[in-house]
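Undergrad: Note that the protein sequences, when read in sequence, are chains C and L.
Numbering follows my numbering, in which position 167 of the first sequence is assigned residue number 167; successive positions increment by one, without gaps.
Numbering follows my numbering, in which position 176 of the second sequence is assigned residue number 1176; successive positions increment by one, without gaps.
Treat the hints loosely; a few may be bogus.
In silico DSS-like cross-links for lysine-lysine, where the CA-CA straight-line distance does not exceed 25 Å [stated by the list, open to error]:
hint: 1; chain 1: L; residue 1: LYS1441; chain 2: L; residue 2: LYS1346
hint: 2; chain 1: L; residue 1: LYS1346; chain 2: L; residue 2: LYS1515
hint: 3; chain 1: C; residue 1: LYS294; chain 2: L; residue 2: LYS1346
hint: 4; chain 1: L; residue 1: LYS1282; chain 2: C; residue 2: LYS335
hint: 5; chain 1: L; residue 1: LYS1127; chain 2: L; residue 2: LYS1114
hint: 6; chain 1: L; residue 1: LYS1127; chain 2: L; residue 2: LYS1140
hint: 7; chain 1: L; residue 1: LYS1282; chain 2: C; residue 2: LYS294
hint: 8; chain 1: C; residue 1: LYS335; chain 2: L; residue 2: LYS1275
hint: 9; chain 1: C; residue 1: LYS380; chain 2: L; residue 2: LYS1441
hint: 10; chain 1: L; residue 1: LYS1140; chain 2: L; residue 2: LYS1071
Which bits of chain L does chain C cover? Going by a derived footprint, with three or more residues having C-beta under 8 Å, they are [said to hold, decoys possible]:
hint: 11; segment: 1040-1051
hint: 12; segment: 1144-1155
hint: 13; segment: 1240-1249
hint: 14; segment: 1294-1306
hint: 15; segment: 1416-1427
Derived by calculation from the structure, the hints in this document are not laboratory data.
What you are looking at is a predicted structure, and each value in this text was computed from that prediction instead of being measured.
Even for Gly, the Cβ is constructed at its ideal location relative to N, Cα and C.
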Amino acid sequence: MLSKVLQFLSSLRLTVVLLGLGVAVVFFGTLGQTSDGLYVAQERYFRSWFAYWTPHGSAFPVVPLPGGYLLGTLLVVNLIVAHFTRFQWTWAKSGIFLTHIGIILLLLGQLATDMLARESIMSFREGDTRNYSESSMDFELAVLRSAGSNDLDQVVAIPASRLAVGSEIRHELLPFAVRVKESYENARVRQRAPVMDSNRPPAAPNGIGARIVIDPLPPSRAMDSRNVPAAVVDLTGPANLGTWAISGELKPQTVTVEGQEWRLEYRPVREYKPFALTLLKTTHETYPGTDIPKNFQSRVRLRHPSTGEDREVDIYMNSPLRHGGYTFFQYQMGKEQLADGGRGTSALQVVRNPSWITPYVGCILVGVGLLVQFLIHLTKFIARRKPVGPLKPA
Amino acid sequence: MKQRLPLVITGIFALWILGALVRRPDRDDALGAFGRLPVVFNGRLQPIDSLARNSLTRIREKDTANLEPAKSWHERPRIITATEWLLTVMTRPEVADGWKVFRVDHPELKALLKLPEPNPPAGEDGKHYSWNQFGETGLKQIEDNARNIQENKKDSSQRNAFDNAILGLYEAMTLYLRLKNTVHPQDTVRFADEIAAYRKTIPAGVEAFRQRMSGAGAFDTNALTELFGPAERYFVTLRGEPPLLIPPAAGGDSFEWQRVPEALLDASFGAPLLKHLMRIPKAELPAEAVTEAIRAAGTRPLHPAVGHWAAMADAFRGEDTGGFNAAVAAYRGYLESLRLGDALAKAGREQRYNAFAPFSKAAALYLVAFLFGCGFWFNFAEWTRKTSLNLVRLAFVVHTLGLLVRMWLEGRPPVTNLYSSAIFIGWGAVGLGWILESFWKNAIGLAVATVIGFSTQIVAHNLALGGDTMVMLQAVLDTNFWLATHVVIVTLGYSATYVAGFLAILYVVLGLFTKVMTADMGRSLSRMVYGILCFATLFSFVGTVLGGIWADQSWGRFWGWDPKENGALIIVLWNALILHARWGGMVRERGIMNLAIFGNIVTSWSWFGTNLLGVGLHSYGFMSGAFTALMAFVASQCVLIALGLVPQAKWRSFARATSPAAPKASGAGAV
Chain C
1 MLSKVLQFLS
11 SLRLTVVLLG
21 LGVAVVFFGT
31 LGQTSDGLYV
41 AQERYFRSWF
51 AYWTPHGSAF
61 PVVPLPGGYL
71 LGTLLVVNLI
81 VAHFTRFQWT
91 WAKSGIFLTH
101 IGIILLLLGQ
111 LATDMLARES
121 IMSFREGDTR
131 NYSESSMDFE
141 LAVLRSAGSN
151 DLDQVVAIPA
161 SRLAVGSEIR
171 HELLPFAVRV
181 KESYENARVR
191 QRAPVMDSNR
201 PPAAPNGIGA
211 RIVIDPLPPS
221 RAMDSRNVPA
231 AVVDLTGPAN
241 LGTWAISGEL
251 KPQTVTVEGQ
261 EWRLEYRPVR
271 EYKPFALTLL
281 KTTHETYPGT
291 DIPKNFQSRV
301 RLRHPSTGED
311 REVDIYMNSP
321 LRHGGYTFFQ
331 YQMGKEQLAD
341 GGRGTSALQV
351 VRNPSWITPY
361 VGCILVGVGL
371 LVQFLIHLTK
381 FIARRKPVGP
391 LKPA
Chain L
1001 MKQRLPLVIT
1011 GIFALWILGA
1021 LVRRPDRDDA
1031 LGAFGRLPVV
1041 FNGRLQPIDS
1051 LARNSLTRIR
1061 EKDTANLEPA
1071 KSWHERPRII
1081 TATEWLLTVM
1091 TRPEVADGWK
1101 VFRVDHPELK
1111 ALLKLPEPNP
1121 PAGEDGKHYS
1131 WNQFGETGLK
1141 QIEDNARNIQ
1151 ENKKDSSQRN
1161 AFDNAILGLY
1171 EAMTLYLRLK
1181 NTVHPQDTVR
1191 FADEIAAYRK
1201 TIPAGVEAFR
1211 QRMSGAGAFD
1221 TNALTELFGP
1231 AERYFVTLRG
1241 EPPLLIPPAA
1251 GGDSFEWQRV
1261 PEALLDASFG
1271 APLLKHLMRI
1281 PKAELPAEAV
1291 TEAIRAAGTR
1301 PLHPAVGHWA
1311 AMADAFRGED
1321 TGGFNAAVAA
1331 YRGYLESLRL
1341 GDALAKAGRE
1351 QRYNAFAPFS
1361 KAAALYLVAF
1371 LFGCGFWFNF
1381 AEWTRKTSLN
1391 LVRLAFVVHT
1401 LGLLVRMWLE
1411 GRPPVTNLYS
1421 SAIFIGWGAV
1431 GLGWILESFW
1441 KNAIGLAVAT
1451 VIGFSTQIVA
1461 HNLALGGDTM
1471 VMLQAVLDTN
1481 FWLATHVVIV
1491 TLGYSATYVA
1501 GFLAILYVVL
1511 GLFTKVMTAD
1521 MGRSLSRMVY
1531 GILCFATLFS
1541 FVGTVLGGIW
1551 ADQSWGRFWG
1561 WDPKENGALI
1571 IVLWNALILH
1581 ARWGGMVRER
1591 GIMNLAIFGN
1601 IVTSWSWFGT
1611 NLLGVGLHSY
1621 GFMSGAFTAL
1631 MAFVASQCVL
1641 IALGLVPQAK
1651 WRSFARATSP
1661 AAPKASGAGA
1671 V
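Based on the provided sequences and hints, a complete structural model is requested.
TA: Here's what the structure looks like:
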């Protein structure tokens, strides 16, 4: 029985079937991006065990598929079992061995990247200094108590995912509990128009909420737009502070409890770094007479107190800054309106991927393996080939 | 005699190529010299000749202008070069407006614009129309419709053929308008006089302007109006973004080219100040810059190149040939005095490259070589195969030469966009076909080389209809290292997969429909396919991985599931599948062939299909023409696979081998 299972798991037939399914998953996963957007399609087809493809407009899933995780696992199992049972090491097969080890490494590396890699954005204006980057997807409700001039602020950060309607969040450091009345994954906040919105009450009675309304939007899936959440919360407990509206689009609001000021801020999740970057200068060049971008470049000053580092770096396309396990890539660039100072703005993509080295090693192994194997084939072929004369009519 | 034939035939074609290579186009002709003048358009320095050809191709789908399209070729219609057409458009627009150069094919569009039906005696061919024939109302209708489509059907996949026809014509119209206003505004009569009159108004006009801006009481309204009239006219022309004709005054390496109206405005207010005053978005200036611009108004001299352009334009407009020649020569001399000799030389090179047209010449040679190669299978005369082989060698040399010159002109590796990828896929496939032929000598490699060589040129030709094929690269692609490694290797992977696929097609077509295929030939074909697939797997894999490394270096993300990345991955997976199926004995000769034909679909999807999805980093937007072509190609490959599935006993080549009842053929009837 076991030998049958092993035979199946090590068979070339299984390899071929898995490769075929791989082609199908990648193909449908690509098609899926047109309707689901890149992120959702990735989750659905590649970071999953089972997937199905639904044509545009159809109510029923039509093509069932194994997900990326399942296929990857089976391929790794297939390769490993085959090497322990079916394969016999010979020099003539050394290339195949290398190739297969490389492929296992690639698959595992991709899994590790999926698990460990973190991407965030650091955006600033010329002159600004940042020691944190922000998530491009996830928001948090930060409640801050400023602790005097030199000390760090005390922050309680509540992830947006916890802010479901009806839930109540308490924390020992907070003088109040947060009870969620309304919650929107994506919404736009706008000034309440007295006439047009006469039948809509303001979003909340306190703070800026009294002058705005919240328009819910369907969650966006496009690659270049992001969801900005909003919520309406009651601040209850011993200090009852009433109802407040919060949104990723609003500036911080201040509430006062027993003489102590607290700030409410619904903002992208922050990741603090042990060093800081200051944006010195942005350069945005286009080709003459066109809008085709020629160069985006940010000059930043890097200061790392614990190592004493203090230097200036240029970050531009294909030339990122690598520091402290993070890599900073030029991502977006813009300019504020003249009224706001006309300063250049820049957004850097910040990536932390501890397993970044695996694909490099894997690729070298596979590349060398394939080359060795095909050279062995080629030399054999040339040595063995009978000279073939031109064809002649019989 | 037959032994010499291959050399003789190839020699004739080689002479044709050499002739085209040696002949300098319009060497002594002032129009030729004018065509070699450098301009900046699409962000790159190019000769007038390229601007003219690319624009005309965009408008008319050909790079020459047939002024009498209703005449058939033996009636000798008047055909002029693109440069002459452009010069006329720029300096005598009222003449050019009457030329039927706008290609309109869509019947509903023709009906909408009330364009005449074909009627040769009246000079109507039913395909080409003049600017004047559209009329005011027609132009308005095109613009309104185009705006409407752009607003309401933002996603290009929602647009139908009619929408695309409207948008295409609208783009052609816009381009034509830009060209008409390149040297001077389209209603100028004598440019030199106009400039002189304008300059006369500058001192008093600027003085009045300063007084007005300082708010210090009265100013000369008349003087201000007299200057503002022409200045506003040039400003409007400038907003149309015509090509940049005026070289950097500093000369040498500076790349600060200007548009003519920009140079004219510099002599009075300066374009940045006018943009600020007219509140053009994103053109506001800080207060101190405004003060400085007002102070500097009227103090700058007029760029001398404007005078040269005026002299050329007025002479051509006045049909003064001698004057035009002298003006062109004087301008070239002026450019050299600015140390712009390099720009002149580069423009001259590109003009010769345009005139030589290496890729269409190579395509013609591939076609002839293909016919000789086919001939070989029917009479097995070695001279036909040798002729075909020699022609392929010659074509490959021309093809390579074209690629090298393109690389030299662009300063880039061979593949920079979809157009050059088509050229390069063809090149790689021909190279592989030639190698196969040198091993097997049975014209199979030649057939594959010529078919792919020729068809990729057709694809490239259609891609070139979009205009300039050497547009500048976006910042993220501006890296010769990755273009030279990742892009080149992945494209060679495409070439190899196509070669395997076309070998398989030959196997099916020759086996099923002819008696050419022998068991021996089948075996050699299958070994060729196997060898090429190994090569394809290696190149697709290494190329895909290098793409990942590039992405990791640029974005910190080795694999982002971008459609183009996925396409390349699918090719790797598919090739690996075929190889494993063969090693496992799951498929035999015919099975491998059918899988390899499917490889053509996989490769085309990766090469073209992924770009049409409209998502990801390699998106070029939806092109309905490309989509139709892709679908047709996929359908044809499916038919071939279906044919490949016909039981081999029914194949003409194998029928006699499997049915002993068939009479044994003897002699020349069978192979």
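Undergrad: Please go over all the hints and tell whether each is borne out by the structure.
TA: How the hints compare with the structure:
no., hint, result
1, L:LYS1441 / L:LYS1346, "violated, 42 Å"
2, L:LYS1346 / L:LYS1515, "violated, 54 Å"
3, C:LYS294 / L:LYS1346, "holds, 21 Å"
4, L:LYS1282 / C:LYS335, "holds, 9 Å"
5, L:LYS1127 / L:LYS1114, "holds, 13 Å"
6, L:LYS1127 / L:LYS1140, "holds, 20 Å"
7, L:LYS1282 / C:LYS294, "holds, 19 Å"
8, C:LYS335 / L:LYS1275, "holds, 18 Å"
9, C:LYS380 / L:LYS1441, "holds, 20 Å"
10, L:LYS1140 / L:LYS1071, "violated, 30 Å"
11, 1040-1051, "holds (count 5)"
12, 1144-1155, "violated (count 0)"
13, 1240-1249, "holds (count 3)"
14, 1294-1306, "violated (count 0)"
15, 1416-1427, "violated (count 0)"
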